[in-house]
Amino acid sequence: MRSLRREPALLLALLAVIALVLAFIVYPQLQVVLTPGPGGYVEFLQEGTWLVPLRNSLQLTLLSTATAVLLGFIYAYAMVYSNMRWKPFFRLIGILPLLSPPFVVAAAYTLLFGARGVISYGVFGQSPNIYGLNGVWGVQTIAFFPFAYQLIADALSRSDPRMEQAARNLGAGSWRVFWSVTLPLSRPGLGAAILTTAIYILEDFGNPQLIGGVFYVLPTQAYSLISSFGEYTSAAAVSTILLLLALGLYLAKVRLDGGRSFVTISGRASSMPRPPVSPGVSRACFVACLGLAGVILLVYGSLVVSALTLRFPNNLQFTTEHFQYVLSGTNGDALRNTLIFSGVAAAVSAVFALFAGWLVQRGQWPGRRALDLLLILPAAIPGIFFGLGYLVAFNQKWLDFVDRGWLIIIAFIFWNIPVGYQAAVAGLRQIDRSIDEAATSLGASSLRGFREVVLPMLGGSLRVAFITTFVRAVTTLSLVIFLFTPPTTVATIRIYQLVGDLNWGAATAYTVSDIGMAIIALLIFAVLARGRIALGAARA
Amino acid sequence: MTPELDRRRFLMLAGATAIVAACGGASTAPSAAPSASAAGTAKATGRISIYSALNESTNNQLFAAFTKATGVDVSALPLAAAGDLQTKITAEKNNPQADIFVGGSSEFHDPLGKQGLLEAYQSPLAKDVAAQFKEATGLWTGWYTGIFGFISNTSRLNADIGGKKPATWDDLLEPAWKGKLILPDPIKTGGGYIFIATQIFRFNRNETQAMDYMKKLHVNILSYGPTSPGVITSISNGEAAGAPNWSHDILTEKAKDPTRIDLTVPKDTGFEVGAVSIVKGGKNLPGAKAFVDWVLTKEAGDLNVKLSNRGSVRKDVSPAPGSPTLDQVSLVNYDRQWATDNKTRIQKLWQTTVGIQ
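Chains as they are written, first to last, in my numbering: chain X, 1 to 540; chain G, 1 to 357.
Source of the hints: derived by calculation from the structure; they are not laboratory data. What you are looking at is a predicted structure, and each value in this text was computed from that prediction instead of being measured. You may find that some hints are simply not true.
According to the in silico footprint, chain G covers these stretches of chain X (three or more CB under 8 Å from chain G) [unchecked claim]: (1) 112 to 123; (2) 193 to 200; (3) 302 to 314; (4) 386 to 400; (5) 502 to 515.
Some, not all, of what chain X presents toward chain G, calculated at C-beta under 7 Å [claimed, not checked]: (6) Y131; (7) I226; (8) P486; (9) Q497.
Pairs of lysine to aspartate or glutamate residues, derived as EDC-like cross-links and limited to a Cα-Cα distance of at most 16 Å, are as follows [to be verified]: (10) G:K348 x X:E47; (11) X:K253 x X:D372; (12) G:K348 x X:E43; (13) G:K283 x X:D400; (14) G:K93 x X:D400.
For each residue, glycine too, the CB sits at the ideal point set by N, CA and C.
Whole structure, please, built from the sequences with the hints as guidance.
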């Protein structure tokens, strides 16, 4: 990237990005952070009700991140390196846990594995108490490993097979190659995966709320204060604690990264195939993925069964009434809103995140560390507060002419930037600077270099950004709960209303429709992009 | 190697989606066409925006009946958690979007009134409402009541407890209930906290005795449920034998399968007053007043009782079949203000007492 002074267009683009980040991340969030006021913070801190949730949050984040990243790494390794069968199937399964509208999926776990669970009690005759740390740890591991898997797979697929081949030729066994070449080279992706997964787990409220029992964590504390007791001020103070924790995680990651280089893509293209892994490893990968897929399919399968039966799990008589309900009257409108809002947000968010990632990673301008942090911060803001901030900031008379749908779309875009941004930064660290510098040396502007050289090479990151933004937008409840209006109701709001009404059949039918619609949309997206944007992780 | 992305195709797609969205956005724009009215100036017309904490099934029919009776259209924003709506109204104070806040216990309306976010209105029909069910200056008016009761799973009650339903809250301390109770979480749910507050009032505000009770009860509790309605589902599925919960919600669940669960109301229980209030600065004050007037009619009371199994503040509205009424059951002297003011302290006390750290 050339200096900003020599390229006014680039300077303008940078200023635009900064302005957008200030307007749609910093300004709305300040509304929430400043709510309690100094006196409010002092009073809240003295009450001390945050101590236990804080300790629990830290413990849960540590445990769940460790297992989710481990699982994500195994899954990514299997997808990128092994020769196992059924990869397209596993790719799709790897997306499913991301498609979990709150309440319903977590509740499905208790229906399957709880005290009177279909599996635990019905099959094994056991009445385990899954409420508490262990239950929520297990569910979070499955719910969040896909984030780690997507980011790690992106990094692994970009590693240079020639380095591994070279190690092989020098006599290293596959174990040794893994530990001394594969693993170190995937460090940027791994770092990004750990940071993002940890922040998302820290911020997650749905699973601890339904399965955590009396293992209270900060997001459930904040959420309960608002929903059950209308105590917005104390809740905002809890949200600030979460932000500070995320800031700590971020600083820890920056320290760990150091200033090393992880360049694996240099000027010359490589068409060398990856050295094959042994059939035994492939088989082990297959078995591990199959086991995980089994659990995931069981949970989502139970949703389908419950959507098609009268009163799951007590009355298993077949019925289509729940789906008829979803399609009746104006019930379907919310599905259409979800599709439109999420699609637009995902496309814009993906491109924006990559562009911002490029500006930060390649630029030399002062203050880019701050922008780096601000682009990761939204992940640490519980959706309910991100939405609240938007409501306070943008519910103004002079903005009344703007359709409220746009507010939801913009919130989706900026709340979901972190994954795409992390993917882009991790990707760029593996691509040699000399490649984009070659373009500018040949006379192209930096922006043209980004468009025609960098962007095409970051296809994997773009895909990760698009998919995660899309599925998170499709499944978020907390973000829209304060932003929706009757005409801009989305699917998760309808599900929430149905769950509150104890209409479990219709709620699951709605959930299945929502998830099904999202999968179909992603498949169409993949086909339209001529199959180049495959679902899930990169191909081996 | 690197899976390449066709950039033009991607941008085309993004553009196309944006266009579709723009069209979709246009078609979803609210059409706030006021219904034609040639009547006098005082007559309410147009459309009102209602934030409702009532059940989904109640909303649709109740608001349709209101529109039929008055000619005022309703745009309803339903969220069953009243705290969400209270927070939303607070956050929207610079540019209020609601005309009416309906449903939810008066605890959720009262703070809004104190912050000056509600419009005081003394409906002509409110004069028949007992003083304990309304705010004196008309900031909010109670129109329905809910009683805290006990849900039991019939087959588990017969198999594990010997078929004996609790007549008093103390009965739940019997060893037969060990590990067979679910309580709505006192930290996460309003219902769970009302349960603790009820115990404190039952022991004449002797907190030591109340906490002693909660400690003994803790031994019998299998789990603390994350939402009050969710606990009803759990009992219906037989996860545990019984749970304290809202009578009206228990009756609604019972209607789906009358043999599976049952309702009892133990002695010395608590109750809630469901309120309606007018949001200050709304766009249709006459329409909002018309709604408050209508919701206090016998017609609205009857309909709400039929749809939600709750009680009415009107004496001439008969209760739902099988539903307890405030004059039949034995109530504690529930001090709402005290319960609200001491909430954080009591919750902490409870956590320390039962050892949830």
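Annotated coverage of the region 302 to 314 of chain X by chain G, confirmed only when three residues or more have a Cβ within 8 Å: holds (count 3)
Closest C-beta approach of Y131 of chain X to chain G relative to 7 Å, hint status: holds (5 Å)
Given hint I226 of chain X near chain G, where the shortest CB pair must fall under 7 Å: holds (5 Å)
Agreement of K253 of chain X and D372 of chain X with the hint, judged by alpha carbon distance not exceeding 16 Å: Between K253 of chain X and D372 of chain X the Cα gap is close to 12 Å, so the pair holds against 16 Å.
Interface hint status, P486 of chain X versus chain G (Cβ within 7 Å): Nearest chain G Cβ about 5 Å off; hint holds.
16 Å limit on alpha-carbon distance, applied to hinted pair K348 of chain G and E47 of chain X: Given pair K348 of chain G, E47 of chain X holds - Cα atoms ~9 Å apart, limit 16 Å.
Agreement of K93 of chain G and D400 of chain X with the hint, judged by alpha carbon distance not exceeding 16 Å: holds (14 Å)
16 Å limit on alpha-carbon distance, applied to hinted pair K348 of chain G and E43 of chain X: Holds, at about 15 Å.
Hint consistency between K283 of chain G and D400 of chain X [alpha-carbon to alpha-carbon, up to 16 Å]: OK: K283 of chain G and D400 of chain X at ~13 Å, within 16 Å.
Closest C-beta approach of Q497 of chain X to chain G relative to 7 Å, hint status: holds (5 Å)
Given coverage of the region 386 to 400 of chain X by chain G, tested with a Cβ cutoff of 8 Å and a minimum of 3 residues: Since 7 is at least three, the answer is holds.
Outcome, coverage hint (the region 502 to 515 of chain X, chain G; C-beta under 8 Å; three residues): With 3 residues closer than 8 Å to chain G, the region 502 to 515 of chain X meets the three-residue bar; holds.
Consistency note: the structure conflicts with earlier hint 2 alone.
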